[in-house]
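Q: Spelled out, the chains give:
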Amino acid sequence: GAGVSQSPSNKVTEKGKDVELRCDPISGHTALYWYRQRLGQGLEFLIYFQGNSAPDKSGLPSDRFSAERTGESVSTLTIQRTQQEDSAVYLCASSLTSNEQFFGPGTRLTVL
Amino acid sequence: GESVGLHLPTLSVQEGDNSIINCAYSNSASDYFIWYKQESGKGPQFIIDIRSNMDKRQGQRVTVLLNKTVKHLSLQIAATQPGDSAVYFCAAHTGNQFYFGTGTSLTVIP
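Residue numbers (my numbering), protein chains in the order written: chain P, 1 to 112; chain H, 113 to 222.
With the rest of the complex left out, here is chain P (with noise of 0.2 Å):
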């Protein structure tokens, strides 16, 4: 069946410009990550989507971050004013409880 998708999965930009990531999760599942991945480190908690309920935004690093969920289906990520230091992988992912995850395969950000 459909995995998680995300697009673009390369995304170049200039310094200043935005940027905006999009998700889309597995068809039911309720909750959705949005993470970081910088080079050879771990991945970072950015925001949860969970149903209706308000999301969590405790790991957005900065107010140039934002998401949005319609319902329970795709999800956009829009960094603002982009710099340098956001070049990254941003991984989306969902699941159906607040168990296993399926991730998508990533957007890679570059920053120039």
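Quick caveat, the hints were computed from the structure, so don't treat them as lab data.
Note that CB positions come from ideal geometry on N, CA and C, so glycine has one too.
One or more hints might be untrue.
Claimed, not checked - Each computed DMTMM-like pair below joins lysine to aspartate or glutamate, with the alpha-carbon atoms no more than 25 Å apart: (1) P:Lys57 / H:Glu114; (2) H:Lys154 / P:Asp24; (3) H:Lys154 / P:Glu68; (4) P:Lys11 / P:Glu85; (5) P:Lys57 / H:Asp143; (6) H:Lys183 / P:Glu44; (7) H:Lys154 / P:Glu20; (8) H:Lys154 / P:Glu44; (9) P:Lys11 / P:Glu68; (10) P:Lys57 / P:Asp18; (11) H:Lys154 / H:Glu127; (12) H:Lys180 / P:Glu100; (13) H:Lys180 / P:Asp18.
What the hints assert, rightly or not - Stretch-level coverage of chain H by chain P, calculated; a stretch enters the list once three of its residues show a Cβ under 8 Å from a Cβ in chain P: (14) 180-193; (15) 200-213.
Starting from the known structure of chain P, fit chain H onto it as the hints suggest.
A: Chain H only, in chain P's frame:
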């Protein structure tokens, strides 16, 4: 919160040998743990999980051991194969969040 760390950033093993990857966590309230495999250019892939009320769980060629006393988790891969070469992460679930280690890069030598 939670802090998760792996003991070795890299591990090399001969094909056919067993591999052991270790992970330590800090929060005794962590109630669920997962091992993931991440191949180059791909997202993490679930390998095996274990709840805090268990100390051992076995899958196909993989075993996860949990020692809550010392807050230690290990992944054992039996008869390691070239296709097992990847980065392995452990994750600890606390509250609403998963906390991930930095990963151990496993290289299988043919």
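Q: Now, for every hint given, state plainly whether the structure supports it.
A: Quick rundown of the hints versus the structure:
| no. | hint | verdict |
| --- | --- | --- |
| 1 | P:Lys57 / H:Glu114 | holds (17 Å) |
| 2 | H:Lys154 / P:Asp24 | holds (16 Å) |
| 3 | H:Lys154 / P:Glu68 | holds (24 Å) |
| 4 | P:Lys11 / P:Glu85 | holds (14 Å) |
| 5 | P:Lys57 / H:Asp143 | holds (22 Å) |
| 6 | H:Lys183 / P:Glu44 | holds (21 Å) |
| 7 | H:Lys154 / P:Glu20 | holds (20 Å) |
| 8 | H:Lys154 / P:Glu44 | holds (16 Å) |
| 9 | P:Lys11 / P:Glu68 | holds (19 Å) |
| 10 | P:Lys57 / P:Asp18 | holds (19 Å) |
| 11 | H:Lys154 / H:Glu127 | holds (23 Å) |
| 12 | H:Lys180 / P:Glu100 | holds (20 Å) |
| 13 | H:Lys180 / P:Asp18 | violated (44 Å) |
| 14 | 180-193 | violated (count 0) |
| 15 | 200-213 | holds (count 9) |
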